[in-house]
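Participant: Taken in order, these protein sequences are the chains called A and B.
Residue numbering for the first sequence follows the working numbering, starting at 1 and increasing by one per position.
Residue numbering for the second sequence follows the working numbering, starting at 1 and increasing by one per position.
Since the hints were made in silico from the structure, they are not lab data.
Take these hints with a grain of salt, some might be off.
[Unchecked claim] Only part of the chain A face toward chain B is listed, based on derived beta-carbon distances under 10 angstroms:
(1) Glu41
(2) Gly50
(3) Ala64
(4) Arg151
(5) Val165
(6) Ile166
(7) Val170
(8) Val185
(9) Asp280
[What the hints assert, rightly or not] Covered stretches of chain B (in silico footprint by chain A; criterion: 3 or more residues with CB under 8 angstroms from a CB of chain A, positions within the stretch not fixed):
(10) 70-79
(11) 95-104
Glycine included, every Cβ here is placed at the ideal spot set by N, Cα and C.
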Amino acid sequence: MQNRRIRLLRTLTLSLVLVAVLASLAFDSGIGTPSALGIGEFFLLCPLGGLEAMIASRTLLPVALLSMGVVVVLTLTVGRAWCAWGCPAPVVRSLFTGKGKAVASHDADDAQSPLGPKDAASAIAAQQAHVSRTREAPLLERILKAAKSDRRLMVLAGVLVASAVIGFPVFCLVCPIGLTFGTVVSLWRLFVFKEVTVSVLVFPACLILELLVYRKWCMNLCPIAAFLGIFARFATRFRPIVDTSTCIQYTGSATCRVCAKVCPETIDLHDAAASSILADCTRCGTCLEACPKQAIRITRQSSHIALLAPDKASNISKSPPP
Amino acid sequence: MSSGREITRRSFMATCTVVAATAATGFVVAPHSAQADVLRPPGALAEPEFFARCIHCYRCISACPTDVLVPMHLEEGVLQARSPTLDFSEASCTYCDLCRQVCPTGCIGPSDPNDTAQGRIGVAVVIRENCLAFIDGSCGICAQRCPYEAISLDTFNRPVVDAGLCNGCGECEAICPAHVLRAFNGNRTRGIEVVTERRYQEVWASSDAE
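Taking the hints into account, I'd like the entire structure generated from these sequences.
Facilitator: The structure is reproduced here in structure tokens:
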């Protein structure tokens, strides 16, 4: 898939979500918001909302479980694509910060992985060795390692515990997705029904506080990202892959880490542990756009490592984009 | 492997502290909201249960064909904001069942507008200080318009609500002209309003039984 196409398609899907919400309000069609989106009795429910509602009410809700099952299946296929293709939080943040500052949100100590070998063969071997080591490790160790790798899982656990104790869905109060569409609905009701309420000011204020003042919401806090991440590690398709016959790191004398620097999830495709880190990939396409040699592609094929050997690369990169 | 996102001791302690603080605060504050006396869609589960399940998705509000379902404002309760309530100032509920169909977490159960024991919204009560019929006998439109014939006029042509028939659809409140045809006295209450079952039992039930 090509760079510009991804950006276009993302804009399309994000706009579609907003249009659906507004159409829902205008035509009484009950489509809803990303908290629960659908037509009539067919809907996709936010997995976190569903979990919180079940835990807070101490009831199993079959319809919610079914919807969550669909979300899990989708995540097993496309990983955390929701984050880049459906979630309004990155859009809201970029409205206020602009493109350049997204890069500056990385701390100096982020993404400073060792620069790695300049030889494609050893880099590929290192990544494959990591995959084998991971596969050979005992199951419990693999689970513990995966759990420790994402501090957002703590937030997820904390939210569920709090919902159980308090007896209502806690995170829904502060969720940036809820606040975004809370703002949209409040503005709609202000203009259509002349309904004046403090919500129309407070919701966006909280949203801005969450996403701008604490810039690392998505990366450090989001429990939805944590939930999706549990399943996203198995999604090996549609991941970005580097063509080592074109990439500067392997063909040039300089070292190049542009892809790692621009990645909103600080994924370094050259890192030996890329296969594990790519669980966080949101398929946003920023690395594709930023690569000075356009050496990165997203393909339908399943791939555990992020580097493509030169001989294989010639088959992939010259074939027409899917 | 370094994503800068591993669980560190510091992040663990920070998360535990925040969760503990949230849980403690919520433990104190939430029961108050869970017992709130709020009009809910017809067939809604009891308030603590409704409160536990509602994820503020706006589906019921956007599905409502008469737009009588509205989101609660922050001013009405921080924890309740965005959850659905009814506003009868311009519309009434037709018991179309759409809200129940679209709710993703089962907050709303079945309701029967002809059976007051099956999930009625509330009960209409006459506010005598505002009702034009009580003031100068000049109105009786609610009795005419009630779709369930739950309002009748007494010997002085003043409306009387039969709580055994009224399901709180709100048609009477929506049509009541009391605060239009009188000088505005600072309140938003009309000559008749729908109150929750609970409020009805606490305030009006005993006097109505006489």
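Participant: Each hint: holds or not?
Facilitator: Structure-based check of all given hints:
| no. | hint | result |
| --- | --- | --- |
| 1 | Glu41 | 6 angstroms, holds |
| 2 | Gly50 | 7 angstroms, holds |
| 3 | Ala64 | 6 angstroms, holds |
| 4 | Arg151 | 5 angstroms, holds |
| 5 | Val165 | 4 angstroms, holds |
| 6 | Ile166 | 3 angstroms, holds |
| 7 | Val170 | 6 angstroms, holds |
| 8 | Val185 | 6 angstroms, holds |
| 9 | Asp280 | 7 angstroms, holds |
| 10 | 70-79 | holds (count 7) |
| 11 | 95-104 | holds (count 4) |
Of the numbered hints given earlier, the model fails none.
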